[in-house]
Structure formats: C-alpha cells, structure tokens
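**Q** Take a look at the letters that make up each chain.
Number of protein chains: 8
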Amino acid sequence: VSRSSDLVFDFSRAERIGFAEAVLCEGKSPRQLIDVVNLVSARSSCILMTRLDPTIYGALPDNVKSFIDFDAESRTGIVGTVPSLSTARRIAIVAAGTSDFSVVRETERTLNVNGHEATRIVDVGVAGLWRLMQRLDEIRDHQVVIAVAGMDAALPTVLGGLIASPIISVPTSTGYGAAEAGRTALNAMLASCTSGLSVVNIDNGFGAACAALRILRLLDNVIASSR
Amino acid sequence: VSRSSDLVFDFSRAERIGFAEAVLCEGKSPRQLIDVVNLVSARSSCILMTRLDPTIYGALPDNVKSFIDFDAESRTGIVGTVPSLSTARRIAIVAAGTSDFSVVRETERTLNVNGHEATRIVDVGVAGLWRLMQRLDEIRDHQVVIAVAGMDAALPTVLGGLIASPIISVPTSTGYGAAEAGRTALNAMLASCTSGLSVVNIDNGFGAACAALRILRLLDNVIASSR
Amino acid sequence: VSRSSDLVFDFSRAERIGFAEAVLCEGKSPRQLIDVVNLVSARSSCILMTRLDPTIYGALPDNVKSFIDFDAESRTGIVGTVPSLSTARRIAIVAAGTSDFSVVRETERTLNVNGHEATRIVDVGVAGLWRLMQRLDEIRDHQVVIAVAGMDAALPTVLGGLIASPIISVPTSTGYGAAEAGRTALNAMLASCTSGLSVVNIDNGFGAACAALRILRLLDNVIASSR
Amino acid sequence: VSRSSDLVFDFSRAERIGFAEAVLCEGKSPRQLIDVVNLVSARSSCILMTRLDPTIYGALPDNVKSFIDFDAESRTGIVGTVPSLSTARRIAIVAAGTSDFSVVRETERTLNVNGHEATRIVDVGVAGLWRLMQRLDEIRDHQVVIAVAGMDAALPTVLGGLIASPIISVPTSTGYGAAEAGRTALNAMLASCTSGLSVVNIDNGFGAACAALRILRLLDNVIASSR
Amino acid sequence: VSRSSDLVFDFSRAERIGFAEAVLCEGKSPRQLIDVVNLVSARSSCILMTRLDPTIYGALPDNVKSFIDFDAESRTGIVGTVPSLSTARRIAIVAAGTSDFSVVRETERTLNVNGHEATRIVDVGVAGLWRLMQRLDEIRDHQVVIAVAGMDAALPTVLGGLIASPIISVPTSTGYGAAEAGRTALNAMLASCTSGLSVVNIDNGFGAACAALRILRLLDNVIASSR
Amino acid sequence: VSRSSDLVFDFSRAERIGFAEAVLCEGKSPRQLIDVVNLVSARSSCILMTRLDPTIYGALPDNVKSFIDFDAESRTGIVGTVPSLSTARRIAIVAAGTSDFSVVRETERTLNVNGHEATRIVDVGVAGLWRLMQRLDEIRDHQVVIAVAGMDAALPTVLGGLIASPIISVPTSTGYGAAEAGRTALNAMLASCTSGLSVVNIDNGFGAACAALRILRLLDNVIASSR
Amino acid sequence: VSRSSDLVFDFSRAERIGFAEAVLCEGKSPRQLIDVVNLVSARSSCILMTRLDPTIYGALPDNVKSFIDFDAESRTGIVGTVPSLSTARRIAIVAAGTSDFSVVRETERTLNVNGHEATRIVDVGVAGLWRLMQRLDEIRDHQVVIAVAGMDAALPTVLGGLIASPIISVPTSTGYGAAEAGRTALNAMLASCTSGLSVVNIDNGFGAACAALRILRLLDNVIASSR
Amino acid sequence: VSRSSDLVFDFSRAERIGFAEAVLCEGKSPRQLIDVVNLVSARSSCILMTRLDPTIYGALPDNVKSFIDFDAESRTGIVGTVPSLSTARRIAIVAAGTSDFSVVRETERTLNVNGHEATRIVDVGVAGLWRLMQRLDEIRDHQVVIAVAGMDAALPTVLGGLIASPIISVPTSTGYGAAEAGRTALNAMLASCTSGLSVVNIDNGFGAACAALRILRLLDNVIASSR
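Heads up: the protein sequence lines correspond to chains A, L, U, C, H, S, Z and R, in order. Numbering follows the numbering used here, with no gaps: position 219 of the first sequence is 219. Every number in the numbering used here is 1000 more than the matching position in the second sequence, counting from 1. Every number in the numbering used here is 2000 more than the matching position in the third sequence, counting from 1. Every number in the numbering used here is 3000 more than the matching position in the fourth sequence, counting from 1. Every number in the numbering used here is 4000 more than the matching position in the fifth sequence, counting from 1. Every number in the numbering used here is 5000 more than the matching position in the sixth sequence, counting from 1. Every number in the numbering used here is 6000 more than the matching position in the seventh sequence, counting from 1. Every number in the numbering used here is 7000 more than the matching position in the eighth sequence, counting from 1.
Honestly, the hints are just simulated from the structure, not real lab data. Treat the hints with care, as some may be off.
[To be verified] Computed footprint of chain L on chain C, listed as stretches where at least three residues anywhere in the stretch have a Cβ under 8 Å from a Cβ of chain L: (1) 3123-3132; (2) 3176-3189.
[To be verified] Pairwise CB distance ranges, derived in the manner of DEER restraints: (3) U:Ala-2059 - Z:Asp-6137: 51 to 61 Å; (4) S:Asp-5141 - Z:Glu-6026: 48 to 58 Å; (5) S:Gly-5058 - Z:Leu-6085: 36 to 46 Å; (6) L:Ser-1029 - S:Glu-5138: 45 to 55 Å; (7) A:Arg-31 - R:Ser-7225: 42 to 52 Å.
[To be verified] These stretches of chain H come out as covered by chain U in the derived footprint (C-beta under 8 Å, 3 or more residues): (8) 4024-4031; (9) 4191-4203.
Heads up, the beta-carbon is just placed ideally off N, CA and C, and yes, glycines get one too.
Hey, can you work out the whole structure from these sequences and the hints?
**A** Pasting the structure below:
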C-alpha cells in the first residue's frame, strides 16, 4: 500500500480481481494527476487514466507528460509498460455508428493495457441492416462481444438474437433531445426484448472492457484447471 | 352544434379534418358517458369511445350498453353505424409482441370506424429477426405502415431502414423497470437512427390510425384531382 | 458499399427508402468529417451534413470546406450537387416563433437536398391567434404541413383542428425553465387533444422533412401507378 | 385557537387573508376527519373539505355525515352554513374538456363556500377552435378567468392572447402517457407564449379559486376606499 | 401588422390585452435582433427585450445599440420611449436573497416599460425570519405582491399566510444539486400549504410583472366604471 | 448469528451501533414475516417491524399476531419487551400538518422501542406562522428536534433559523401533483437556505429516530466519560 | 415455425443462442396465455413463463393449469419437462436482503429450466458487513456470481472488489421514496466504483440468469474444443 | 442589522443558532460580492464565502482580494479573523475518492472558520474494502463523522454498519452517466440499508459541517450544564 497526498493506490488489484489499477481523471485537480503519474512511474506496474481531458493533459508539465501515452480520441492515458498483446481474436467491439468511436477506443485501450487486442467492427447500426449482416460471421468468431450504441440502441437487441456469446452493451451519449444524453440508449438496452444482454454505464467503455476481462480470466482459469 | 350537460360535440369534424368524433372515456363520470351515448345514438353519425374501462362499461345501464359495440381487449366502444369497410389492403399494423395486442386492436377499430380494414402482422419483434424478414414483402404491399412496439422499440428502426412507406410508430407501455411505462420505447422511436419515422403518444393506437387517415385522405384527394 | 476509416456509407439508401444519405456531425471528430467529405465528393451523389457546428466547420481545411455548401443558421452542410427543385408548392413549414428559425431552416435544407422547395410561414404562434388565421388558406394549399413550435407548442393543436392534411410536428428547444429544453413542447404535441398529429424528436427538422418525403414519394408512386 | 387531538385550527384566517379554513382530507385518518367535523360543527364558521374520497366519506358515522354537504364529483364536503351567494357574474371557469369536470366543480365549490357564484364554460378546448370563439364575449364579461385544461393545455395560451383579464390556469391530470399525469399541462402553462398567465398546482381547483378570491377582495377594498 | 424577414409584430397587443410587445431574445440570431430594433425604432411604440445576453448585446452594431436602453443585471433592453412612471406604490417585489436580484430587476423593468414603479424588498428570506417581519407592514401597503425565491422557496408560503393581497410567486434557478435549477422552488410554490398563491415559470420576472399588470388594469377599469 | 429460511439476524446491532434490529416488512412474504416473529419471540431481545401493512398484519395467524404489539396508524409492530421509557424530554417531533401524523407516530414508536419518549408538536406549519411561534420555547427545551413536513416543507427552514439544536428533517409524501410524492419536500429540505439541516428519506420516521439515537448515545457517552 | 392467434414461437432459440423460449406474461390476456400453454404442451420442448400474476394464474382453466409448474413467490410457471439439473455448483445468487427473495427465485427458476442448479446466499447486505464476509469463500467457489440488491445496492460494489469472477448485478424495486422503485439501485450499480460489474433491468432475475447462461455455454464450448 | 445595496446581514446568527454568517457566492454579481467584503471587513466578525468561482475571485479588485483568504480547491473565501482552532480531534471527514477532495476541503474550511480542526481520511472507498478497514479505529476515535462519497456512495452504508457515531453523509457530483450529477449518490444515501444516516445536499460540504457544528454545540452545552 502506498499513500501520497491523500491518494491510496491498489497495486495488488491485478492479482485480486484480474485487472490493473485505473484512475478516473475527471474531477481531479492537476496536482492530483501529477501525484498519480509520479507514484506510478516509480514502479514497474502499469495504469490506465480515463476521461483525461485533452486540455488538462496539455497543461501538465512536460516531464509528467513524457510518462503518459496519451490518446486524445478516447481521452485515455497509459502510464508504465503495457504487456505484449495476445494475438488471438477473442473480443469483438461492435459499434452502431462512427459517433460512438471515442467509446470504442476507450474500450480498446482498456483491453490493450490488460494484454488483449480487440477486433473493431464500426458503423454497423441496424437502420441499415445489411451492414451488420455481412459481418455477422466475423463477429461470431469471437468469444465475447462488446456492443456499443447510442440513440435508440437497437443494435444489441438485433445482435443478441443472432449470436450466442456473452454480450456486454455500452450505451453512448450520442444524439440529442429524446436521446436524453444516453439514458434512452441505456434504458432501451436494459429493457431489450433480447434475453441475456448485460449493460454498463453510459459511455463506459472502460467498464465494458473490465466485464469482458472478468469472463476471459474465468475462461483461462477453467481451461488451465481442465487440463 | 349540440350541447348537453356541458358536452359540446363536433359532428362536423369528419368534413373538416377527415375523421369522425371520438371520445376519450378515461376520467369521465358514468353520467357523462351516458350523455355521450344518448346524444350520439339519436343521430345518424358514428363515434368511437376510447379507453373505456370494461368495469365502467359493465356498470352502464343496459339500454345504454345496447347502443355500444364494445371490444374489451382494446377498451373501445363504437356507437352508431360503421361504414362498410374498403377491401383494399392499404394499411399494415406491424407489432413487435403479443403484449402489444390491445394497442393493435385500438388502431384497427379506429380504422374500421372510419371505413378501412387493416392487415395485422403481430409478434415480429427484431429480437428474432427472421420473424420480421419472412413477412417483409407482405408489409411492403401496403401504402402506410403503423409500427407498434414497447420496451426497446427496435422494430421501427429496423423496419424503417428496409421500407420506403410512411411509418407511424406507436410506443407501448409493455415492460417494467427501465421500460419506464413506455417512455423508453417513445424516446427510442424519437431518437431512432432511421430517418423519417413519426411518432404518437404511448399506447395511442387511436392517434396513429388518425395520422394514417390523414395520409389516406390526401392520397384519395390527389388521385381524384389527378384524374 | 464503401468503407474508409471505419465509415460505412449507404449510397443505395435513396433507391431503398426514398432519400439520400445524411450524416449527423455532432460527436464526430474533425478527422471523421474530413473522411466523409472526401469519400462523398469523389462520387456523383449528394449528402446532407446536420448539426455541423460553425466553429468545427470553420476549423476544417479550406480544400475540404470548398466542397461544402454550409448554412450557419441551420448548422447544415451539403456536399455534392443538389437536384433541381420542384416548383410545386407541396410542403408548408409553419412555425410559431422566430426563435424556431434554425429548425425551420434545417427542415427546408433537407427538403432541398431531396429536390423539393418548401413554403415558410413563420411567427404565427397562437398567442396572437390572428397571425395564424390570416394565413390559414395559404397553409391549406399544401399537401403536407410541418408544424414547428417550442415552449407550450399550442400551434399544432390549433392547426390540426383546422386543416385535414398530414401534420408532422417538430418540438423545439426554445424557452427556459419549465420548457425543459423542448420536452414540454414534445410532450404537449404527443398529448395533444387534436387527433392524428405525428411527432419527431426535439429540434429534428431533418427527421420531419424525411417523414414528409416518405409521404410525397408514396403520393408520386400512387399517382404514377393510377395512370 | 382550538386544539383537539393534535389538530390546530385557524378560524381567524378569513379576517387575516380573505378566505375561510379548508382541510385537505387526503392522507388523514377517519379519526382525524371526525375530529375536524366535530370541532367545526360546534361553531358558527364554515369550512371546506377537499380531496375527500367518496369511499372514506361513505364509511364515516352517519351522525358525522349529516353535518357534511358532500359532492362526489369534486370530492368536496362543506361543513357549516355557506354564505348567501353574490349574484354578480365576476368569475368565469373555462375548461377545455368534460374530463376536467371534477376540477371545475372543486373550483366552483370553493368559490361558493366563500360567497361567490361562478359561470361554467366547459368543453371549449382549442382543438375545435369555434367552440371557444363563440363564447368569447361571454368570457370577457367576467372580472377574473380561471382556465382549466389537461393534456397539451393549449386553451390558456389562446385565451390569454384574446382577453385582458387576470387568468389563473389550472392544469389537470387528464390524459395518459406523455401527458405525464398533468405535468405536461403544468409545464405548457408555465412556458406559455402568452404573457401574464399565472398557474396553480395540478388539479388544484381549490387553489385557483383562492387566488381569484385574493383578487376579488382587493377589488372590493379598492372600490370601497375609492368612494 | 408589420412583417420583416419572417418577423410578425403585434403592436396592437397593448390595446387588446393590456401590455406592450416583448421579445424573448434567447435563441434569436443577431440578424433577427437587428431586425427587431430597426422595425420598432421606426415607430412610436416601445418594446421590451428579455434574456438578451450581454455578450450578444455587446456584439451588435453601434447604431443598433444606440436605440437600446440595456441593463446587464436583468439582461433586458428597452427600445422606444418608456411612459412616465406612476408614483403610486402599488406593487412590491419581495425577494428571499440577493442572488435572486437579476430576476427582481427583470420584473421591475417590465413594470417600468408599462408605466409602473415597484418597491424592491430584497434579502428577506425566512431562514432569518426577523428580516421579513420587520418589513411586513411596508409590504401590506401595496396592492399586489410579487414574491421571488429560489432553493426551498419558503418565503411565499410564510408571506401568503400573513397578507391578503394577490401574490404572484416567481421561482428562481438559484442554488445547486437538489435545487434542480429552480424546479424545487417551482414545485414548492405550487405545492405550498398557503392557499391562493399563483406561480409563473422559473426566473420569469417578466411573466410575473405581466400577471400583476393584468390585475392592475382590472382595478383601474373597475374603479373607472364604478365612478 | 441465527439463520432460518434465508433470514440472517443481527442481534448484536444494539451493542455495535446503538439501536436494536428492525425489519422492513414491505416486500416480504407472509411466510418470511412469520419466520421473523418466531425467531425473535424465542429470544429476550426486542425488534421493530416497519411498514407492516394492516391487511397483511390482519391475515397473519393469531398465534403470531399475539406476539406483535401492532399500531395501525404508523404501520409498525413491536415484538418482544420494550425497555422502560426515560422520562427526560430530550426529543421533540415537530410536524407541519396532521396529514403527517403516521410518520410522526413511526418516529415515536422507533424511539420508544429504544427506550425514549418524545414530545409531539403537530400541526404547526408555517402557512399559519403563529402556530409555530407560540410553541417555540417548548421546542427549544429539547436536545434534538425531528422536523416532519410535506408539500413545500417550509417548516424546517423557518425552524432552523430560530433554534440551535441538531434538526433532522423528514419529508413526507403528503400532497399531490407538484408535491411529487414527497420529492419536492425532500428537495426543498436539501436545498434549504437554513444551514445545518440534515435530511432522511421520504416518510422515513424510523431513520430520523435512528439518527437522533446516534446523537443521544454520543451525548450519554460524552457525559459518562466527562465525569 | 409455429403460428397461432398472432403468436409466433421461436422453438429453435435454444440451438441459436443457448437457452429456451420464455414468455413475459405481464400484459397478455388470459386467452393469449392459454394459447401459449396449448401450443407448448403439444411439443416436447419446455418454456418459462415470467411475471405470471398469481391471480391471473388462478383464474386459468384447470386443464391449462395442470400443464404449468407454478411458483407464486417468483411468479413463474414452467411448461414442459425440465432437463435434469447439473450438480456442479457453478452459479451463486448472492442477495442483500430477504425482500429481494422473489427476484432470487426468478433467477433460480430460469437457471433450473435450462438445466442448472444455483447456490442461494441471501440476506448478506453490507450494512452488516460480517454477514457477507463469513460467506466469501463459498461465493468464490462459483464460476459466475449474480448479485441481487435494492435500495442503495452497495452489495455488488463491495463484492466486486473482493472477487474476480464475472458479476451480473440485478437491481430490485425494494424500498420506498428515494429508492425510486429500483432506479436508485440500478443507477448505483451502473455508477459503481468497482470495475467490470454488468447490470440488467430492475427485478430482472430472468435476464441475469440468461446472461450467466451465455457465459456458461461459452465455457462449455471452449472446454469442449480445448480437449 | 446592516443593509447595503439590498444586502441584509445576520451578524447575530452565531449567538442564535451556533455558527457565523456565510455567503453563497454563486449567482451573485461582482458588485454584490464587493459589497459583502466591504461590509464585513469593517467589522470584527468573520464570514465564509462558498462556491466562489476562481475566475470571479481573480477579477475582483486587489484591495478587495486582500481581505479574502481564498482557497481555490474548495472555492471558499474567508473574510475576517478565524478563531484559534481547537486541537481536540472531534470530527472525521471520511471520503471515498480523491475526486471528492474539493467537497472535503469545503467541509474542513467551514469547520475551521467556526473554530474546529478536522481529521481528513480520503480515498477509502469500499470498492477496495481493506482501505477503509485499516483506518476504522482511527475513525471511531471521533465524535462525529462526515462521510463524503459520489457515484454509488456505498461508503456510508458500510461505515454506518460499523460505527455508532452520528454520521452526516455528503453526496458528491463525481461521476458521469448514471451517476446523474450526484443524484444517484444522494438517493443511495437516503435509501441506505444502514439505519440513522442523515444526508445533506449534493456537494454541500458547508451544510454537513454546519450539521456537525449543531451537534458539537449541543455536546458542549450538555457537558457545561452537567458539571
């Protein structure tokens, strides 16, 4: 356990629940973010920073920024050394529209920092059904599917009726008016006619990736012990 | 203009905006409903009573009930003589689930009272996509489509991307929890990725039928004047 | 089917459901917008960009901007060659106040990109009833009416009781406090005492135009086949 | 000041703020209601009981019921002697539909118990505009107008643009779905484009009457002192 | 009737319903605002501009600004010549806190443009009850009271139990969290235990003033005709 | 630790956090309630049953009912022997209206089961300010005040500005429409202009009593250790 | 594909997405339920009926009831022959309180009908932390955990920080006031500080079980193919 | 009583209800803030300014700023001389995450201005339960605990089951999507399974400190009088 300026890190999380520490940067002061980076960069572990505003990132001191692998589209930073990525195609991220791209990228980066690649299948919303249909076999090739959609969020309902994999649905805040900043997509996923969808918070690509990682770790353990 | 116990009827509505008077029965006292029936049955016109609770209907005096053609599933009553129905298949009512049946029937009865039959295509929700697909050609054969769906209301999004007709969407209050008594279906329809859906109030089969009637009347007028 | 940097275009949409591809720009990164323009400008088709923020438009590279016919008031851009506009006055856009003007313009631009002119009748809210009354005959001259109103949205209720045409209602986010960013107008339209209004999302002039286009296309097909 | 079983009456309210004590019966136990009646019936004053459920009224002891002038449609009871009613037509209650009748009656009963008659003008909703228009002169003959409407509540917006009197608007819980149990009517009145409407709680005919009584008392005082 | 660039003015409003034209500036483009000023300044009448953002005002051309009497705290502009103010103290504006000051000023400016002064009694919220108590006699000296309060909005409840005048309550958007941008104050006023309060929209000082003007005009007419 | 049919009791709670076990009965099946009573009645401890519906209580077997001291107004039952009540007047329950009585009683019963009496001061809402004022000295005589109010919930705001004691506020679901089933009272208390009010859930007299008990226990401990 | 009175069954669902057909009974008429039972009982497959109200079940004809294995606490019915249950303890259902029992049972019955037993661990809410702690090892012995909790729903947050398995969280509608009929529990689970929780609709034990079944099926497939 | 430009100060508040005047700066104009500082700095008392935006503070005149002890993280200013701080550790501020730090600081500053130090225990959210557990004895050493948490706000539920002290819970607006700007944390605290938590407004560290001060003052009085 390390403690610095009120920060309490949980570096043993990887062993305990299967993935590394992550820091929600929204609401943290620059001073707190600098503490985070300094603390982590002095160790061998690796953490993910989520919802790191590009403007706030830009204003950090250069020596701090040099420790951060920053991605503006997903507003994520990685501090420390990322493990080498598995090459097996185990997780597909399927998204309804290109406006959902930042959430797709946050999901992907979270998987990467935990050692997994992902297959991105974007702009296959069911308002143009043929777009999803022509990639269905490709999707079925993966163990776990993360479905990202905003507005009416009809994608996971259709997809869940066509494939048998675990599907983790991520509503996005895309849209306006009755889209209610993602609440309509969230509610539509929760109230879906398709059975067995599970859902995470609006725009929470990070959380969806973690839910997928819990399943992958279970798979690995089961296979290991079944040998 | 007729007036009785504070009631003001609008018998000229048919000429003015294309469909006959209708009475929302919810919130009206038995005394008011009896006034409605007495007033209308003394005339040659025909009206529709909507949201007429079976218990309240059952408690009306027998001589009043005898003037009402009552349908319990849709909670509608018809007073007066319905015009003979056109045999042309112009309107399809497409519904996601059998739980939406009462709304389907309210839509159908409203069309009937205005002289139109409708084709019912029920239980074709997109969680089992093949159910919609095998009836798509049949749906395309109609001029106007009324799409009825609750919960995630993904049906009109998929349907609207596949057919070019005017589509009037009716959200239903089917479901629980995040279905929010139909508000999720309503919002999902309004925020749909499919362009050009139009929407009516939750469970408002009557309103959807009236919107369709406005289009059919326009069609009839245009054809009449194009001859 | 074309695909570039995760974009999947639907250029066959016009044939399938009656109007051309459109792109919701809100939430897309500049890189994605540039991809859109490049992909489309290399073809003969024409697309509409909606909710394109003037600041984001302004920051695009000049060679990209040169392909866009941009309108700041409606925040729309048109890429490609617009078809010549029909001169027939088929659609009236009736708006309650001048604050609804940007939505009126988005509606108009969507109709234009699909080959239709529209008649604008603005600032005829029913708080000053004579303003609507003196233009009623002019409105009745059109096949389809799009009614745009914010705040209490009383306009379509009054209008719908006076004319028989299909009326597509667009609530706007005009107003403050109890106007609830357009939700009050939306709900008032959905709960209207006038029968047969249909409604689209808040500020969704684009969607209203598409709903009207579905009706016009049906009209054209019916007339063509009735000859 | 009187106190019985935790009740504290305010019999001097009439002198202080211009109208007599009233008791909201909803949420009170039968024992509390009996205490109310016993306490008041032993005095010369007169009180109004509002939202008195017919079933609860029916279950009161007969000797208690005998002191209550009960009206089921408005769910009001009057205990004590009502003053003789003024014959001047000073207040008009204008309602959009017959479903709003119970609220109209609560308003009327509150005025009665304070010595005023009211003119009822019901079923003049603006979806059939001619109904309001033909009674406009009659409405203008009154000093204060109470406008009662549910669903879209467009009536006070139109009325307020046509007459100069103080208008107190009462939203009603009539309607379903997007009517949101009266919240849409309430918000539409608050966000009305017509200037100078004032609003009371949903279904609060009692409150509207009291607001009118405050104005009438001011008028009486001003006239008295101007002589 | 005048019409310019889609604007339709209602210059006869003063005669019809008792107060002059006003323009809600929020949501209007600079071009529209300039049209408003040009149209009005060419006439003898006088209008009020409400919710005119200081930044937008600042960016108007100087020759347009020269026609506007602008007040930044209330975000109001007056175009044209204000009538001379009556000296009689007829209206008191009573406000709970100094944070409600901008709404107090909007109310006052609206009264001014219609020829009335008002007495401002600010910072008398009932969390420090003695502040209200020591000014109660002063408040009672006025014919109509406008009560302005945010957060819990307890002021009109207490005040309404102490004075008999008509009270128009204005909820303000002061506060955070559970204050819900003024909705809590609005609801608390509507659900007040004090009888006969009437309420306008959140922050709507303009509307409260108009409601007061309707009462004052009635008073003036009654007195005139009682002579 | 005891376990029976999935129930896990916490009989050591009194020592750990200062008050005895309580059971929320709403949502429990009769079978579960019977298990609760049987388990507790076999021991020397005492528990409180809250939100025990009179109908469900009535339908329990007589031998089970005989163990329950049931109070219908507060819907509470006490199983086991209540400790003798302290006679010191330490807690005042101050309520705005008689409709809040059931919550007042739930508070009182919770205090009783933990060995404390309470002083009830009911019907002192600030719409009739003199009612509160004449009992202010009595309220000040108590160490802790529990303020119960519905609708606008102005009582704790006024009271909190007049007394220095800890005040625990309980919003009630009294009222209709904009009272929003107690949410308006809850929000008004949370957003109160008076500093240092603390709040519990709507109608949660039980929780308010527990919060008071935490303070009383602290007092007792401090006094004990200060001797 | 079978079709009877508008019903369209999906008997091949088990092969396609891993679990058998289920019917949401809420909102269906008795006639529709009878059709369901008749259709299924004539086949060898097995279906689950959810949200089947005991009163509606009780009113079905006896010959229909004889085909239904009904469980009142979970409001579920099973028609057809349930497969023999696996004895391996793969799924734990962990619930915060006994009031959540009906949801626990719906989860369990859904698993049963698909051939799985489950371990029930109830009344381990974290307000009494020791209750969860003493059963933690038992929970860790299972492959997938379904966490059921209402009100504040703190259980999955604590649990998710202690175990590495996939956790599917089910919010329940237990509680009152600020519990908001389960929305607070739902939102608290979605906004949990613990990473990788996934969530289903309020009270949706059925959906949670299906999400778990998707994971178990994946496990079985992976193990089978890894041999 | 002092009055300047509509400001009414309450300098006797400390004697009356136990803590000094405080000013909510949000919504006040710079002119009003300058008046506040000038008025206070001319006296010997001391006040707290809350929610003072750093940008607005920065733009105040230098001679005004020189009177303010400003803290940017908590957005608070102190004008006048703070009393010397008691050294006794009586209040613990326990916070779930470092993102809640600004609220922690506002609490601390409010306590300081009233003469109390506080112990800060931050980043002990229950998603990593060991963090709270290892500091539990330290927390138990304090008389009153203020628990600060956002998102799911599970901390006070767990803490309240482990300690007997009065616990004042402060929900924070940390988080996104389903965190609903702090409303989820607020509701979860109000609906907590742990008995006797009391709650203040979202982000209201000031209010929590005041509620604690009411308890400390009661303690001091009781001890003083028990001697």
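**Q** So, for every hint listed, does it hold in this structure?
**A** So, going through the hints one by one against the coordinates:
1. With a cut-off of 8 Å between beta carbons, the region 3123-3132 of chain C has 4 residues touching chain L; three or more are needed, and the interface restraint holds.
2. Coverage of the region 3176-3189 of chain C by chain L holds [criterion: at least 3 residues with CB-CB distance below 8 Å; count 4].
3. Ala-2059 of chain U and Asp-6137 of chain Z have their C-beta atoms about 58 Å apart, which keeps the hinted 51 to 61 Å range intact.
4. Asp-5141 of chain S and Glu-6026 of chain Z have their C-beta atoms about 54 Å apart, which keeps the hinted 48 to 58 Å range intact.
5. Against the hinted window of 36 to 46 Å, the Cβ-Cβ separation of Gly-5058 of chain S and Leu-6085 of chain Z comes to about 39 Å, which satisfies the hint.
6. In this structure the supplied range 45 to 55 Å holds for Ser-1029 of chain L paired with Glu-5138 of chain S, their Cβ-Cβ distance being about 48 Å.
7. As the Cβ distance of Arg-31 of chain A to Ser-7225 of chain R is approximately 46 Å, the hint placing it in 42 to 52 Å holds.
8. For the region 4024-4031 of chain H, the stated coverage by chain U holds: 5 residues have a C-beta nearer than 8 Å to a C-beta of that chain, and at least 3 were required.
9. Here's how the region 4191-4203 of chain H fares: 3 of its residues keep a CB closer than 8 Å to some CB of chain U, so the rule of at least three is met and the hint holds.
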